[in-house]
Amino acid sequence: MQGLAASCKIVLVMFLLGLGLAGATADSRRRVVSSSPDEPCKKMTLYLHDILYNGVNNTANATAAPVTKPTDLSTSHWSNGTFFGMLVVFDDLVTEGTALPVGDKEPAARAQGFYFYDKKESYNAWFTFSLVFDSKAYKGTLNLMGADLMDDETRDLSIVGGTGDFFMARGIATIRTDATEGYFYFRLKMDTKLYECYV
Amino acid sequence: MQGLAASCKIVLVMFLLGLGLAGATADSRRRVVSSSPDEPCKKMTLYLHDILYNGVNNTANATAAPVTKPTDLSTSHWSNGTFFGMLVVFDDLVTEGTALPVGDKEPAARAQGFYFYDKKESYNAWFTFSLVFDSKAYKGTLNLMGADLMDDETRDLSIVGGTGDFFMARGIATIRTDATEGYFYFRLKMDTKLYECYV
Amino acid sequence: MQGLAASCKIVLVMFLLGLGLAGATADSRRRVVSSSPDEPCKKMTLYLHDILYNGVNNTANATAAPVTKPTDLSTSHWSNGTFFGMLVVFDDLVTEGTALPVGDKEPAARAQGFYFYDKKESYNAWFTFSLVFDSKAYKGTLNLMGADLMDDETRDLSIVGGTGDFFMARGIATIRTDATEGYFYFRLKMDTKLYECYV
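Chains as they are written, first to last, in my numbering: chain A, -6 to 192; chain L, -6 to 192; chain H, -6 to 192.
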């Protein structure tokens, strides 16, 4: 078995044990757990586009809207505050490249969830959402949560579960702010790495 | 070991390694990981009843209430909107059959958490909650999260953790809208399948 | 291998398989899964301090603020209600002892996330947050969620993921209300136990 691990660089934990159990109609996927942080069992680079409703004239394009107001804890410290307590619900577009989809082109996924700002002294957020895939490539979801430590160039969210093609997945999404336009648009680059997969 | 797996259809990953470690007072549970999506280590069918506060006359029965209002992103598109941004906190009853408990009968569990609507174009939600068990059968919690893609007949939430009798559990809850009554009641059928258990 | 398990009391699932795979620059951590609920692969006792904004004069010290109001479901039952539906965003201090940090002393971690009250009949809450470590001892995050069943002396939250030094961690945080001061301060003792680690 050491030879197998050395050649694959991924340890097929139960593969040998599971051989021959699956019938013709059964789901034949088997669990794979990465042997090291350097070796995810799956990797995808994705871009999340957050177009925030400005309250005036972008309802057609906006995919996110605040549902609570910043609290006084925020506004009492900075002239415009740090949005402490503002919670934003989103159904954002997710793409494989940096550009938004043109015309009828389908996005790679949607990101459905929310974030909120949670720091008095600077911009800092917390996210939880599902990546919802419904394309030729993938059907299923990945569920994420974690601190978006905006003072850091990159920050890691936990991928805590998955469904469909991502059945029972776990991993890490390393995010980076890739572009911003004023208050009402940001794009995150997400390096999505799974360390537990069923393949 | 291939013979063992073939007869149990569940792979006891660490059972052989863990034999003899637990003393008389120790917790003797051992970890079980399913070998295939077809073979959960535990299955339960449960019904979640959401009785939404109507703001008028159902405080005695209601178990859920909106804590934010739908945003303009919702109301600008449909005559009555799609509730985009409305977040509902709940402490819902969970039962083994479809009926609500009668009299003093205890529910199978409570579901404590929240959901919110997150789509401009149609009804679509996102859930996170704990199933809280405090019955003769079970004591402990299961923690869930994921997209409730209401356009799909069934949709999968991730079970990302558990406590007590469900210590360190992971799995999938497949939900289906089983009944609705106007805006203020729905019942979800939840096929709850665990693929990582301690038994 | 039975001898190994018996001596370590922790099962090194993939250690033997992974030997020799990591180069000089590679991340050499390997996955460890506990063999029993009695034997976490890591343990930490931490204290979470929640200083709630009182809306008047504690903006300098407050680390948490309500962003939604309790609903009528709460106030209709008790004279002062059970805060049903009140959601609080926090960036709380986390310490190793019970005392708040003095002067420039850094906390052990921050806890960033939110809780809300979800019961009509009594005080009961639901939490999700990240423990954010940025100290000499640790850099990284742990992500938690679960029901805070306030009628119970201790209650268990799920640790569903981790990053950095806590890469891919899972576990349980057993919390206990350690102190309260009126409505605007509480301290939780958190016994944080990991059962899945990379070491």
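Warning: the hint list may mix true and false statements.
[Stated by the list, open to error] Subject to a maximum C-alpha distance of 25 Å in a straight line, what follows is the list of computed DSS-like cross-link-like pairs (lysine-lysine):
1. K62(L) to K132(L)
2. K62(A) to K62(H)
3. K36(H) to K132(L)
4. K62(L) to K62(H)
5. K129(L) to K35(L)
6. K62(L) to K62(A)
7. K132(A) to K182(A)
8. K62(L) to K98(L)
9. K182(H) to K132(L)
10. K129(H) to K36(A)
11. K62(L) to K129(L)
12. K129(L) to K132(A)
13. K132(A) to K36(L)
14. K98(A) to K182(A)
15. K98(L) to K132(L)
16. K62(A) to K132(A)
17. K62(H) to K132(H)
18. K132(L) to K182(L)
19. K132(A) to K35(A)
20. K182(A) to K132(H)
21. K98(H) to K62(H)
22. K129(H) to K62(H)
23. K98(H) to K129(H)
[Claimed, not checked] Between beta-carbon pairs, the in silico distance windows are:
24. S115(A) to P94(H): 10 to 20 Å
25. G90(H) to P94(L): 22 to 32 Å
26. M143(H) to K182(A): 17 to 27 Å
Because the hints were derived from the structure by calculation, they are not lab data. Everything numeric in this text was worked out from a predicted model, so none of it was measured. For each residue, glycine too, the CB sits at the ideal point set by N, CA and C.
* Of all the hints given earlier, name the ones this structure violates by number, lowest first. => When the structure is compared with the hints, numbers 1, 8, 10, 11, 12, 16, 17, 21, 22, 25, 26 turn out to be violated.
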